[in-house]
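Start from the sequences, fold in the hints, and give me the full structure.
Residue numbers (this note's numbering), protein chains in the order written: chain A, 34 to 182; chain B, 34 to 182.
These are calculated hints, taken from the structure and not from any lab test. Among these hints, one or two may not hold up.
Identical chains share a label here; the pair holds if one copy fits it or two copies do between them.
Straight-line Cα separation of at most 30 angstroms, DSSO-like style, residue types lysine-lysine; simulated pairs [to be verified]:
1) Lys107 with Lys132
2) Lys172 with Lys44
3) Lys44 with Lys107
4) Lys44 with Lys132
5) Lys172 with Lys104
6) Lys44 with Lys104
7) Lys132 with Lys104
8) Lys110 with Lys172
9) Lys110 with Lys44
10) Lys172 with Lys107
11) Lys132 with Lys172
12) Lys110 with Lys132
Number of protein chains: 2
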Amino acid sequence: MAIIKGTVKKKEYYIVIIGCGRLGSRIASLLSSQGHSVVVVDRDEDALQALSYEFSGFTILGEATELDTLKNAKLDKADIALVLSPDDNTNIMIALVAKEYFSTPRVIARVYDPNNLEVFSQFGIEIICPTLLAVESIKEALEIAGDES
Amino acid sequence: MAIIKGTVKKKEYYIVIIGCGRLGSRIASLLSSQGHSVVVVDRDEDALQALSYEFSGFTILGEATELDTLKNAKLDKADIALVLSPDDNTNIMIALVAKEYFSTPRVIARVYDPNNLEVFSQFGIEIICPTLLAVESIKEALEIAGDES
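Here it is, written out as C-alpha cells:
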C-alpha cells in the first residue's frame with residue numbers, strides 16, 4: 034500500500050540513492066547485485082565506506098540538498114531516485130527537485146511521519162513509510178492468530 | 034517474513050505496548066479501537082499524552098527496563114507484548130524478560146538493525162524490522178514496473 038505503480042519499463046535502471054543509512058546501503062547493494070547502475074549519495078564518508086563488498090556502483094560524498102551534488106550524481110539521466118535520508122523535510126525537498134528540476138521518471142521517498150504522507154503524494158512522489166509497514170505487519174500477525182481460533 | 038505465526042487464540046487480547054513513539058502510539062490506538070485491552074508504557078509523559086482520542090486503554094509512565102514498571106503493567110496477565118522502544122538492545126532485554134520472566138505467550142519486538150535479527154529469533158521473539166519491510170517494498174515496486182515491460 035505504501036507503493037504506487039510507476040512508469041519505468043526498462044530491465045536495467047540507472048538509480049540514484051540519496052542516503053546511505055541502513056535502508057539505503059542495503060537497497061544499494063541489492064540493486065547493484067541485480068545488475069542495475071547505482072550511485073549512492075551521502076554526506077557521511079563513513080556511511081559510504083560501510084557499503085558492502087557486493088556494491089559495485091559509485092558513491093558521491095556531498096550534501097544532497099545542494100544542486101551541484103545531484104548534478105554530479107547525474108540525476109537528470111536517472112530512471113529512479115530513491116530518497117532515503119533520515120529527515121522527512123529533507124526528503125520532500127530532494128524528491129521535489131528530482132521530480133520537477135531533473136524530471137526523474139520515478140521518485141520514491143521514505144517518509145517517517147505518517148502525517149507527512151499527503152504532502153509527498155500530492156506531488157506525485159511514491160512513498161515508503163516504514164511505520165505504516167510495521168503497523169500492517171503487526172495487524173497481520175495478530176489477525177493470523179485470530180483466524181486460528 | 035518479519036512475522037512468525039503465534040499461539041494466542043482469543044478474540045480479545047490483553048496487550049502491553051512498550052514504547053509510545055510513532056509506531057507504538059498508532060498501533061495502541063488501532064488495537065484499542067478494535068476492542069482489545071491495551072496498556073502503553075513509556076518514560077516520556079509527552080509521548081503518552083500525545084495518544085489519540087481513539088485510545089481508550091491505560092498508560093503507565095515509567096522505565097520499561099525496570100521490573101516494577103512491567104509488573105505495574107501486569108505483563109504476567111498479558112496475551113501479547115509489543116516491544117517497540119527505539120533501541121534494539123533495550124528491546125532485546127525487555128522482550129527476553131517478557132518471554133522468560135512473565136511467560137507472555139507472544140512477544141513481538143521491533144528490530145532496527147537487521148544484523149540483530151538472529152539474536153531475537155534465537156530466543157523465540159517475533160520480529161518486526163521496518164528496514165527489511167522497506168527493502169521488500171522497494172523491491173516490489175521496482176519488480177512491478179519491470180513486469181510491465
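Going through the hints against the structure:
In this homomeric assembly, Lys107 and Lys132 come within 30 angstroms of each other (Cα to Cα) only inside a single copy, at 13 angstroms, whereas the closest approach across copies is 51 angstroms. For the identical chains of this complex, Lys172 and Lys44 are inter-copy neighbours only, at 13 angstroms across copies versus 34 angstroms inside a copy, given an alpha-carbon limit of 30 angstroms. Taking the shortest Cα distances, Lys44 and Lys107 sit within 30 angstroms of each other inside one copy (19 angstroms), while across copies they are farther apart (54 angstroms). Taking the shortest Cα distances, Lys44 and Lys132 sit within 30 angstroms of each other inside one copy (21 angstroms), while across copies they are farther apart (46 angstroms).
Taking CA atoms no more than 30 angstroms apart as the test, Lys172 paired with Lys104 passes between copies only; the shortest distance there is 26 angstroms, against 42 angstroms inside one copy. In this assembly of identical chains, Lys44 and Lys104 lie within 30 angstroms of each other by CA distance solely inside one copy; the values are 24 angstroms within and 55 angstroms between copies. Taking CA atoms no more than 30 angstroms apart as the test, Lys132 paired with Lys104 passes inside one copy only; the shortest distance there is 13 angstroms, against 52 angstroms between copies. Taking the shortest Cα distances, Lys110 and Lys172 sit within 30 angstroms of each other only across copies (21 angstroms), while inside one copy they are farther apart (40 angstroms).
Taking the shortest Cα distances, Lys110 and Lys44 sit within 30 angstroms of each other inside one copy (16 angstroms), while across copies they are farther apart (53 angstroms). For a Cα distance limit of 30 angstroms, the shortest separation of Lys172 from Lys107 across copies, 22 angstroms, qualifies, whereas the shortest one inside one copy, 41 angstroms, does not. In this assembly of identical chains, Lys132 and Lys172 lie within 30 angstroms of each other by CA distance solely across copies; the values are 20 angstroms between and 33 angstroms within a copy. For a Cα distance limit of 30 angstroms, the shortest separation of Lys110 from Lys132 inside one copy, 12 angstroms, qualifies, whereas the shortest one across copies, 52 angstroms, does not.
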